[in-house]
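What follows is each chain in one-letter form.
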Amino acid sequence: MSSYNSALYPVEMEINSEVQTIRIRAADILLYTLRDKFGLTGSKSGCDNGDCGSCTILVNRQPMKSCLMLTIEADGKQITTIEGLMNSQVQNIFAQHQAFQCGYCTPGFIMNCEGLRNVHPIADEETIRVWLESNICRCTSYEEIHHAVKDIFTPK
Amino acid sequence: MIVARSLGNKEGVKIRQSIGKSIPRKETWEKVTGTTKYINDTSGEPGLLHAKIAISQHAHAKIKSIDSSDAMKIQGVKAIITGQNAPILTGSPLADRPPIAIDKVRYYGEPIALIVAEQEYIAEMAALQIKVEYELLPVVLSPSDALQKNAPLIHEHLAEYKRHEDVYPEPGTNIANRTKIRKGNMEEGWKNSDHTIEVEVTSPQSDHAAIEMRCCSAQVLPDGRVIIHSASQSPFVIRRAISQSFQIPLHKVIVHTPMVGGSFGGKSAIQMEFLAFLASRAVGGRAVNLVNSREVDMISSPVHIGLHAKIKLGCSLEGKMMAAEILHLYDGGAYSDRGAVMSRSGAVDCTGPYRIDNVHCDSLCMYTNKPYSTSFRGFGHPELTLAIERAMDLLATRVGMDPLEFRFFNAIGPGDTTPTQTLLDRSNLGDLPMCIAKLKTLIHWDELSLRETKGHLIKATGVCCFWKNSNTPTDAGAGAAILFNPDGSVNLLCGAVEIGQGTRTALTQLLAERLRMEERMINITMEVNTETDPYQWKTVASRSTFLVGNALLNAADDAIVQLKNIAAIVLQCSPEELDVGNGKVFIIDRPAVGIEIEKIAYGYKYPNGNTIGGQIIGRGSYAMRNLTLLDPETGEGNPGPEWTVGAQAVEVELNTREYTYKIIKAVTVIDAGKVINPQFARSQITGAMSMGLSFASREAFIFNDKGAILNPQFRTYKLIRYGEQPEYFVDFVETPHVEAPFGLRGIGEHGLIGMPAALANSLSIAAGVELNHLPLTPEMIWRTIYDSV
Numbered sequence: 002m003s004s005y006n007s008a009l010y011p012v013e014m015e016i017n018s019e020v021q022t023i024r025i026r027a028a029d030i031l032l033y034t035l036r037d038k039f040g041l042t043g044s045k046s047g048c049d050n051g052d053c054g055s056c057t058i059l060v061n062r063q064p065m066k067s068c069l070m071l072t073i074e075a076d077g078k079q080i081t082t083i084e085g086l087m088n089s090q091v092q093n094i095f096a097q098h099q100a101f102q103c104g105y106c107t108p109g110f111i112m113n114c115e116g117l118r119n120v121h122p123i124a125d126e127e128t129i130r131v132w133l134e135s136n137i138c139r140c141t142s143y144e145e146i147h148h149a150v151k152d153i154f155t156p157k
Numbered sequence: 195m196i197v198a199r200s201l202g203n204k205e206g207v208k209i210r211q212s213i214g215k216s217i218p219r220k221e222t223w224e225k226v227t228g229t230t231k232y233i234n235d236t237s238g239e240p241g242l243l244h245a246k247i248a249i250s251q252h253a254h255a256k257i258k259s260i261d262s263s264d265a266m267k268i269q270g271v272k273a274i275i276t277g278q279n280a281p282i283l284t285g286s287p288l289a290d291r292p293p294i295a296i297d298k299v300r301y302y303g304e305p306i307a308l309i310v311a312e313q314e315y316i317a318e319m320a321a322l323q324i325k326v327e328y329e330l331l332p333v334v335l336s337p338s339d340a341l342q343k344n345a346p347l348i349h350e351h352l353a354e355y356k357r358h359e360d361v362y363p364e365p366g367t368n369i370a371n372r373t374k375i376r377k378g379n380m381e382e383g384w385k386n387s388d389h390t391i392e393v394e395v396t397s398p399q400s401d402h403a404a405i406e407m408r409c410c411s412a413q414v415l416p417d418g419r420v421i422i423h424s425a426s427q428s429p430f431v432i433r434r435a436i437s438q439s440f441q442i443p444l445h446k447v448i449v450h451t452p453m454v455g456g457s458f459g460g461k462s463a464i465q466m467e468f469l470a471f472l473a474s475r476a477v478g479g480r481a482v483n484l485v486n487s488r489e490v491d492m493i494s495s496p497v498h499i500g501l502h503a504k505i506k507l508g509c510s511l512e513g514k515m516m517a518a519e520i521l522h523l524y525d526g527g528a529y530s531d532r533g534a535v536m537s538r539s540g541a542v543d544c545t546g547p548y549r550i551d552n553v554h555c556d557s558l559c560m561y562t563n564k565p566y567s568t569s570f571r572g573f574g575h576p577e578l579t580l581a582i583e584r585a586m587d588l589l590a591t592r593v594g595m596d597p598l599e600f601r602f603f604n605a606i607g608p609g610d611t612t613p614t615q616t617l618l619d620r621s622n623l624g625d626l627p628m629c630i631a632k633l634k635t636l637i638h639w640d641e642l643s644l645r646e647t648k649g650h651l652i653k654a655t656g657v658c659c660f661w662k663n664s665n666t667p668t669d670a671g672a673g674a675a676i677l678f679n680p681d682g683s684v685n686l687l688c689g690a691v692e693i694g695q696g697t698r699t700a701l702t703q704l705l706a707e708r709l710r711m712e713e714r715m716i717n718i719t720m721e722v723n724t725e726t727d728p729y730q731w732k733t734v735a736s737r738s739t740f741l742v743g744n745a746l747l748n749a750a751d752d753a754i755v756q757l758k759n760i761a762a763i764v765l766q767c768s769p770e771e772l773d774v775g776n777g778k779v780f781i782i783d784r785p786a787v788g789i790e791i792e793k794i795a796y797g798y799k800y801p802n803g804n805t806i807g808g809q810i811i812g813r814g815s816y817a818m819r820n821l822t823l824l825d826p827e828t829g830e831g832n833p834g835p836e837w838t839v840g841a842q843a844v845e846v847e848l849n850t851r852e853y854t855y856k857i858i859k860a861v862t863v864i865d866a867g868k869v870i871n872p873q874f875a876r877s878q879i880t881g882a883m884s885m886g887l888s889f890a891s892r893e894a895f896i897f898n899d900k901g902a903i904l905n906p907q908f909r910t911y912k913l914i915r916y917g918e919q920p921e922y923f924v925d926f927v928e929t930p931h932v933e934a935p936f937g938l939r940g941i942g943e944h945g946l947i948g949m950p951a952a953l954a955n956s957l958s959i960a961a962g963v964e965l966n967h968l969p970l971t972p973e974m975i976w977r978t979i980y981d982s983v
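Keeping their order, the protein sequence lines are chains A and B.
With the numbering used here as the guide, the letters of the first sequence map in order to residues 2 to 157.
With the numbering used here as the guide, the letters of the second sequence map in order to residues 195 to 983.
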């Protein structure tokens with residue numbers, strides 16, 4: 002019954018600007034590869050079903066729920082996790098507005114906002130709503146997040 | 195020898211203030227950078243074993259046999275544990291629950307076996323290979339059915355269960371606890387009632403849905419110490435529960451709790467910890483991690499309690515309330531856990547914050563074949579408030595009074611007594627009429643038309659009031675220690691768990707205020723360790739800032755005495771001449787003369803090397819005062835130190851074509867006693883309001899007729915999402931509670947309490963029918979209208 006571990010496949014991807022090569026099972030999920038193999042635990046598991054968004058990362062600069070992606074699908078892709086952000090404006094604004102409580106969903110919200118900014122640098126309110134409704138925050142009323150996001154997308 | 199020196203400025207006289215300031219959370223940068231280590235962020239460690247729970251597929255059945263041989267054959271499986279290997283009963287106040295089912299299962303999702311394996315996925319595969327032969331039993335799916343004389347018994351041996359606190363189960367029935375309120379004279383009350391109304395109101399079982407799933411790890415060291423890491427609101431209760439259940443000396447159980455990813459009461463129950471310990475014990479004490487999947491977290495771990503309430507109210511011609519007869523049937527599920535205490539809490543505050551002299555209430559925690567219930571934000575109050583406030587609206591209409599005016603007229607006040615016959619004053623009650631008055635202004639009540647029609651859209655506003663006592667054990671307490679560092683900063687040690695509410699930051703503000711220091715000079719970690727941190731009862735009941743706050747003020751005073759004593763020697767004066775502030779101990783009359791705290795934090799060293807004193811360590815503790823158990827026949831007693839009161843409103847816009855609706859505004863005015871951090875306070879209130887609106891408008895477990903839950907994931911169990919939030923209005927009244935630090939009152943849960951009621955009241959006005967059953971989905975509104983025709 003050792004077959005569970007015998008079939009390993011090589012995958013090469015760029016994670017937070019560093020090229021990484023790793024051998025994985027075909028069934029390995031990207032979220033858990035990032036967390037367990039690379040120690041990038043900023044991406045959280047909240048449902049493993051694509052419903053809550055707390056595992057959101059960027060794949061080729063666009064947001065992706067990493068619980069919905071097999072690691073093998075990430076071959077040749079450019080991955081950014083919350084650990085790959087360096088004091089970004091989005092992080093600063095979330096901090097300023099205290100747009101979190103327990104903080105568990107926060108990396109997912111921040112990564113989604115980063116992705117939104119990559120795709121729509123000046124997003125209107127409706128676009129913001131459509132993008133952000135993919136993440137769940139159970140602590141706040143979303144009011145603080147709304148204020149933060151408005152701040153992010155208001156031209157300075 | 196000159197030791198006193200001029201501090202060179204006059205800052206000594208200026209007193210720093212920390213309370214009332216919106217300082218950011220101490221852990222802000224950890225949280226926005228993803229570096230916070232939550233419980234499951236260390237589960238990738240090599241050598242750690244993983245456990246998974248196999249769950250029951252039936253809601254009520256005898257276990258005839260369990261065959262785990264196929265599961266055991268899977269490579270990497272280390273151990274399989276069934277109820278037979280762990281014949282203990284857990285639960286407080288009533289020990290009625292085996293950690294793993296023994297002989298029978300009582301709910302769909304109940305653990306039937308625990309698998310330990312090298313990898314999580316191996317344990318999960320093995321869990322699916324556990325084969326159980328069941329003999330099905332009839333299911334009981336509502337608390338009203340459970341009360342019927344011929345209802346199937348869920349617990350046949352109720353009389354034999356051990357009782358840890360005051361709890362009154364009724365053997366031979368499905369009643370896990372009954373609390374009675376007998377106040378005044380009912381006959382008199384009804385005689386003086388010109389108007390009476392009766393109503394039945396229900397709210398369903400639902401989920402806490404913290405985004406972090408419950409998770410726990412355990413390890414038994416060779417010397418017998420048990421190390422538990424758990425995402426919990428109750429690390430000190432875990433220690434006691436593991437110690438009692440497995441006969442391990444208390445001090446050998448060490449519990450670590452890191453920052454918790456949301457909780458809302460759901461992580462106050464002790465459940466996973468028993469399983470993780472059993473798992474570790476089965477593999478020679480190796481460290482084992484157990485984390486729920488979302489599905490298992492929703493149906494197997496404890497849930498939010500439901501309620502079926504029957505209310506009868508009477509009032510005079512002028513609208514003065516005369517009598518209340520109330521039956522609460524709480525839907526506690528398969529095991530009583532904190533549901534038994536919540537049902538008591540539902541009796542204590544059964545009337546809502548209104549003056550009623552004649553009250554008869556029976557509040558029961560019923561067993562049903564559903565997931566068992568534990569504390570949920572509001573602790574039985576959102577449910578009872580929905581019931582009593584629906585009744586209040588009906589009675590106001592009957593009398594012909596404005597609903598807010600009717601509440602103002604009957605608002606409870608100093609000199610009145612509660613259902614438990616506790617005498618109220620401004621300190622233990624706060625100021626409800628002021629909350630109502632402020633609410634009226636905030637929502638422009640006098641200019642507002644109750645119901646406004648525009649084509650097929652109808653706007654309406656519903657209101658309600660709430661109150662809540664903490665219903666804490668009479669000996670609930672906390673300790674605090676403050677350790678001074680040689681840079682003049684202070685480490686604050688305490689047992690309050692950071693679950694996102696901001697308590698640990700707010701506590702540094704209380705300490706900064708008392709020591710007149712800058713908050714940044716107060717250090718606090720975000721973890722709790724039962725071996726090194728002072729005790730705290732639990733982080734529940736909106737009591738942490740009260741209990742730990744009182745303890746830390748005592749610790750601060752203790753440290754101030756030490757600082758003054760040593761400074762008095764150095765400054766050659768008496769301690770009475772000294773004061774502490776801005777990082778210095780200084781002479782009151784000559785504030786420029788003093789000594790920096792950093793020079794005496796580890797004792798004072800004279801130029802010749804002689805040293806006096808040592809590290810300044812302040813210690814303080816606090817326990818509840820003057821609380822009593824309730825009389826089992828009348829309910830008379832003192833259930834907690836104070837009530838928090840408030841008034842709330844919701845404005846909706848109902849689409850009468852589809853019965854969909856938008857929540858436009860949600861408003862809370864609360865008597866907070868003293869607002870410590872305005873930004874946190876608002877965020878606690880609005881967050882709780884959001885949770886209440888989400889619960890009231892859509893959240894409920896859907897059961898089939900066999901008791902299986904059909905919506906155990908966020909795809910099908912819907913939560914409020916970004917963009918659906920109404921406009922929030924929050925305002926505060928500040929009537930100090932004299933026993934509390936700086937007069938504060940609990941506010942963590944209270945924003946939620948009246949939201950279901952205010953939403954139901956607003957929608958009932960808009961739809962023109964009585965909406966008495968949650969969740970208030972478009973389908974529920976449509977059915978109610980359709981059924982009433």
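Keep in mind that the hints are not guaranteed to be accurate.
Counterexamples of contact, computed for chain A against chain B with all Cβ distances above 12 angstroms [claimed, not checked]:
1) Gln21
2) Asp52
3) Asn61
4) Ile73
5) Asp76
6) Lys78
7) Gln79
8) Asn113
9) Arg118
10) Pro122
11) Ile123
12) Thr155
13) Lys157
Derived pair list, reagent style DSBU-like, types lysine-lysine, alpha-carbon separation capped at 30 angstroms [as the list claims (entries may be wrong)]:
14) B:Lys514 / B:Lys374
15) B:Lys258 / B:Lys900
16) B:Lys856 / A:Lys151
17) B:Lys632 / B:Lys648
18) B:Lys258 / A:Lys151
19) A:Lys38 / B:Lys514
20) A:Lys78 / A:Lys38
21) B:Lys859 / B:Lys215
22) B:Lys912 / A:Lys151
23) A:Lys157 / B:Lys215
24) B:Lys900 / B:Lys504
25) A:Lys78 / B:Lys504
26) B:Lys267 / A:Lys38
27) A:Lys151 / B:Lys374
28) B:Lys868 / B:Lys634
29) B:Lys793 / A:Lys151
30) B:Lys215 / B:Lys632
Hints listed in this document are in silico derivations from the structure and should not be mistaken for laboratory results.
Since the model is a prediction, treat every value here as computed from it, not as a measurement.
Where is the CB? At the ideal position from N, CA and C, for every residue including glycine.
The hints, checked one at a time:
no.: 1; hint: Gln21; verdict: holds (15 angstroms)
no.: 2; hint: Asp52; verdict: violated (4 angstroms)
no.: 3; hint: Asn61; verdict: holds (20 angstroms)
no.: 4; hint: Ile73; verdict: holds (16 angstroms)
no.: 5; hint: Asp76; verdict: holds (21 angstroms)
no.: 6; hint: Lys78; verdict: holds (20 angstroms)
no.: 7; hint: Gln79; verdict: holds (18 angstroms)
no.: 8; hint: Asn113; verdict: violated (10 angstroms)
no.: 9; hint: Arg118; verdict: holds (16 angstroms)
no.: 10; hint: Pro122; verdict: holds (20 angstroms)
no.: 11; hint: Ile123; verdict: holds (19 angstroms)
no.: 12; hint: Thr155; verdict: holds (17 angstroms)
no.: 13; hint: Lys157; verdict: holds (20 angstroms)
no.: 14; hint: B:Lys514 / B:Lys374; verdict: holds (24 angstroms)
no.: 15; hint: B:Lys258 / B:Lys900; verdict: holds (19 angstroms)
no.: 16; hint: B:Lys856 / A:Lys151; verdict: holds (22 angstroms)
no.: 17; hint: B:Lys632 / B:Lys648; verdict: holds (29 angstroms)
no.: 18; hint: B:Lys258 / A:Lys151; verdict: violated (60 angstroms)
no.: 19; hint: A:Lys38 / B:Lys514; verdict: violated (68 angstroms)
no.: 20; hint: A:Lys78 / A:Lys38; verdict: holds (17 angstroms)
no.: 21; hint: B:Lys859 / B:Lys215; verdict: holds (27 angstroms)
no.: 22; hint: B:Lys912 / A:Lys151; verdict: holds (25 angstroms)
no.: 23; hint: A:Lys157 / B:Lys215; verdict: holds (28 angstroms)
no.: 24; hint: B:Lys900 / B:Lys504; verdict: holds (26 angstroms)
no.: 25; hint: A:Lys78 / B:Lys504; verdict: violated (60 angstroms)
no.: 26; hint: B:Lys267 / A:Lys38; verdict: holds (27 angstroms)
no.: 27; hint: A:Lys151 / B:Lys374; verdict: violated (52 angstroms)
no.: 28; hint: B:Lys868 / B:Lys634; verdict: holds (22 angstroms)
no.: 29; hint: B:Lys793 / A:Lys151; verdict: violated (48 angstroms)
no.: 30; hint: B:Lys215 / B:Lys632; verdict: holds (23 angstroms)
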